[in-house]
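Q: What follows is the residue order along each chain.
Protein chains: 2
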Amino acid sequence: MSDAPLPVFFVSDHTGLTAEVLGHSLLARFESVAVSTTTRPFVDSLERADALASELAALERSPVIFSTITDPAVRAHLSAAPGLHIDLFAPFLPPLAEAFGHQPTTRVGAAHGIRDLARYQARIDAVEFSLATDDGSNVRRYGQAEVVMVGVSRVGKSPTCLYLAMQYGVRAANFPLADDDFGQDGLPGAIAEYRPKLFGLTIHPGRLRELRQRRRPGTTYASAERCEYEVSQSERLFRRHGVPFQDVTNVSVEEVAALVLQRAGLERHR
Amino acid sequence: MSDAPLPVFFVSDHTGLTAEVLGHSLLARFESVAVSTTTRPFVDSLERADALASELAALERSPVIFSTITDPAVRAHLSAAPGLHIDLFAPFLPPLAEAFGHQPTTRVGAAHGIRDLARYQARIDAVEFSLATDDGSNVRRYGQAEVVMVGVSRVGKSPTCLYLAMQYGVRAANFPLADDDFGQDGLPGAIAEYRPKLFGLTIHPGRLRELRQRRRPGTTYASAERCEYEVSQSERLFRRHGVPFQDVTNVSVEEVAALVLQRAGLERHR
Numbered sequence: 103m104s105d106a107p108l109p110v111f112f113v114s115d116h117t118g119l120t121a122e123v124l125g126h127s128l129l130a131r132f133e134s135v136a137v138s139t140t141t142r143p144f145v146d147s148l149e150r151a152d153a154l155a156s157e158l159a160a161l162e163r164s165p166v167i168f169s170t171i172t173d174p175a176v177r178a179h180l181s182a183a184p185g186l187h188i189d190l191f192a193p194f195l196p197p198l199a200e201a202f203g204h205q206p207t208t209r210v211g212a213a214h215g216i217r218d219l220a221r222y223q224a225r226i227d228a229v230e231f232s233l234a235t236d237d238g239s240n241v242r243r244y245g246q247a248e249v250v251m252v253g254v255s256r257v258g259k260s261p262t263c264l265y266l267a268m269q270y271g272v273r274a275a276n277f278p279l280a281d282d283d284f285g286q287d288g289l290p291g292a293i294a295e296y297r298p299k300l301f302g303l304t305i306h307p308g309r310l311r312e313l314r315q316r317r318r319p320g321t322t323y324a325s326a327e328r329c330e331y332e333v334s335q336s337e338r339l340f341r342r343h344g345v346p347f348q349d350v351t352n353v354s355v356e357e358v359a360a361l362v363l364q365r366a367g368l369e370r371h372r
Numbered sequence: 103m104s105d106a107p108l109p110v111f112f113v114s115d116h117t118g119l120t121a122e123v124l125g126h127s128l129l130a131r132f133e134s135v136a137v138s139t140t141t142r143p144f145v146d147s148l149e150r151a152d153a154l155a156s157e158l159a160a161l162e163r164s165p166v167i168f169s170t171i172t173d174p175a176v177r178a179h180l181s182a183a184p185g186l187h188i189d190l191f192a193p194f195l196p197p198l199a200e201a202f203g204h205q206p207t208t209r210v211g212a213a214h215g216i217r218d219l220a221r222y223q224a225r226i227d228a229v230e231f232s233l234a235t236d237d238g239s240n241v242r243r244y245g246q247a248e249v250v251m252v253g254v255s256r257v258g259k260s261p262t263c264l265y266l267a268m269q270y271g272v273r274a275a276n277f278p279l280a281d282d283d284f285g286q287d288g289l290p291g292a293i294a295e296y297r298p299k300l301f302g303l304t305i306h307p308g309r310l311r312e313l314r315q316r317r318r319p320g321t322t323y324a325s326a327e328r329c330e331y332e333v334s335q336s337e338r339l340f341r342r343h344g345v346p347f348q349d350v351t352n353v354s355v356e357e358v359a360a361l362v363l364q365r366a367g368l369e370r371h372r
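Listed in order, the protein sequences are those of chains L and E. Note that my numbering has the first sequence beginning at 103, numbered continuously upward. Note that my numbering has the second sequence beginning at 103, numbered continuously upward.
Quick caveat, the hints were computed from the structure, so don't treat them as lab data. You may find that some hints are simply not true.
Any copy will do: because identical chains look the same in the list, a pair fits if it lies in one copy or spans two.
[Claimed, not checked] The list that follows gives simulated cross-link-like pairs (lysine to any residue, SDA-like), each with its CA atoms no further than 25 Å apart: (1) Lys299 - Thr140; (2) Lys299 - Glu337; (3) Lys299 - Pro143; (4) Lys299 - Glu369; (5) Lys299 - Phe144; (6) Lys299 - Leu361; (7) Lys299 - Pro278.
Remember, predicted model here, so these are calculated numbers, not experimental data.
Work out the full structure: start from the sequences and follow the hints.
A: Written out as structure tokens, the structure reads:
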């Protein structure tokens with residue numbers, strides 16, 4: 103058996119997103135298997151299916167092919183390629199068709215296109231909102247926020263807010279805690295009136311130090327003492343004011359977003 | 103039969119992302135069915151499975167339940183609930199186990215956690231890069247960009263760049279085209295040296311007008327004449343300089359991102 107990683111293909115007649123997400127989830131259940139993944143979106147004609155099938159046939163190792171293709175003829179042409187073909191829709195459509203009393207549509211690209219313009223626009227508006235209110239900007243717009251993330255510099259507020267907006271259409275602002283905010287009894291003036299919307303992020307001081315060293319190596323800002331001080335002060339602030347908070351050390355932005363939604367009781371807008 | 107929408111649940115022992123993405127993709131194949139969707143993440147104990155099963159049993163209409171749960175005992179407890187249970191992993195694990203010669207791991211949350219810190223960090227760095235280089239900021243950093251999106255105000259450059267960064271770890275900057283850039287022979291000075299990395303976005307002038315009216319109603323900026331002029335000028339610029347470009351009218355950010363990756367030959371970093 104070859105030592106080369108196993109070739110895995112995510113094939114779709116549209117964006118490839120669904121095949122990628124489910125494919126990666128399935129692969130994650132087989133961590134010890136070395137794979138190299140390739141996405142092939144927009145395989146939406148017999149010609150493209152044939153071209154891909156020829157390419158797959160020429161690989162040194164027989165591939166695994168995760169696919170979401172609507173047109174049966176395109177599917178059939180692709181399946182001429184050698185390899186383990188995993189059609190990610192096939193097992194589920196018959197029971198759903200029976201439950202719904204409808205046959206599935208054969209329109210390509212129904213999943214990741216714009217199906218409901220108002221809803222889609224709200225999601226894009228949420229992204230713009232996150233951008234406009236990033237890092238303590240436009241505090242006067244916090245009234246429109248569904249959640250205001252709070253935490254020290256480099257804890258991961260911006261990616262969390264942008265992910266909440268992009269994936270779930272949630273209007274998330276973020277406000278940085280800095281020196282002036284510590285050693286006081288109250289919440290920072292700019293956010294005090296939004297206490298019910300606040301959600302804190304915290305992190306292990308050692309990890310924070312690594313993140314700050316990447317940005318400004320050798321500075322006081324990135325020192326162990328400074329990181330320990332800011333983390334402990336921010337957690338003290340969260341506890342004192344009953345602000346829920348989440349430790350993000352070793353937690354991905356997808357996980358943080360899901361935890362924030364869950365704990366803050368926020369609705370997914372999509 | 104009740105007129106209430108059919109209750110659909112996405113249930114997971116972790117973030118719920120995979121169940122949401124595949125579940126929504128399957129539902130999109132049955133567009134005429136009215137559903138109301140709910141995500142229940144972190145159902146990772148028998149107690150939580152039992153609580154959810156009781157809740158499902160109390161619904162007026164029997165639900166459809168899309169689930170990705172690793173622990174067989176938790177799965178069994180959930181399946182006590184009435185409804186159509188669709189286990190999104192079940193059909194695929196046996197053939198993959200056979201192909202890989204391994205049994206799947208039973209570790210929960212393997213898919214959306216941080217599996218490879220360097221790769222995860224590169225993705226977060228790409229998000230920070232998009233933020234730092236948004237809307238023509240920090241042009242001096244364009245040397246580090248993999249793609250520089252170009253287009254008129256409100257065409258959708260920022261969400262596209264952020265999505266490319268968040269989802270695919272691609273370092274995407276964006277530069278706005280404005281009045282000074284039109285009616286000239288050359289590319290704008292700030293981006294001329296990056297021509298091979300440029301990718302244009304365009305849009306139907308009527309749709310652009312709607313988007314601008316939402317932001318600054320009644321202004322010249324949002325007038326039909328202005329929108330037509332800017333769109334035609336930007337497309338002229340793209341054609342003259344061989345900049346590939348994509349029309350984003352009625353195209354979602356997920357679709358634009360997939361098209362840009364495909365047409366610019368960019369690699370997905372995940």
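Q: Taking the hints in turn, state whether each one holds.
A: Comparing the hints with the structure gives:
1. Within a single copy, Lys299 and Thr140 get their C-alpha atoms only as close as 41 Å, which misses the 25 Å cut-off; across copies the closest is 22 Å, which meets it.
2. In the homo-oligomer, the alpha carbons of Lys299 and Glu337 lie at most 25 Å apart inside one protomer (17 Å), although the nearest pairing across protomers, at 44 Å, exceeds that limit.
3. Taking the shortest Cα distances, Lys299 and Pro143 sit within 25 Å of each other only across copies (21 Å), while inside one copy they are farther apart (40 Å).
4. For the homomeric pair Lys299 and Glu369, the shortest alpha-carbon distance inside one copy (14 Å) is at most 25 Å, but the shortest distance between copies (38 Å) is not.
5. In this assembly of identical chains, Lys299 and Phe144 lie within 25 Å of each other by CA distance solely across copies; the values are 22 Å between and 41 Å within a copy.
6. Only within a single protomer do Lys299 and Leu361 lie at most 25 Å apart by alpha-carbon distance; the minimum there is 15 Å, versus 37 Å between protomers.
7. For the homomeric pair Lys299 and Pro278, the shortest alpha-carbon distance inside one copy (15 Å) is at most 25 Å, but the shortest distance between copies (34 Å) is not.
The structure shown violates none of the earlier numbered hints.
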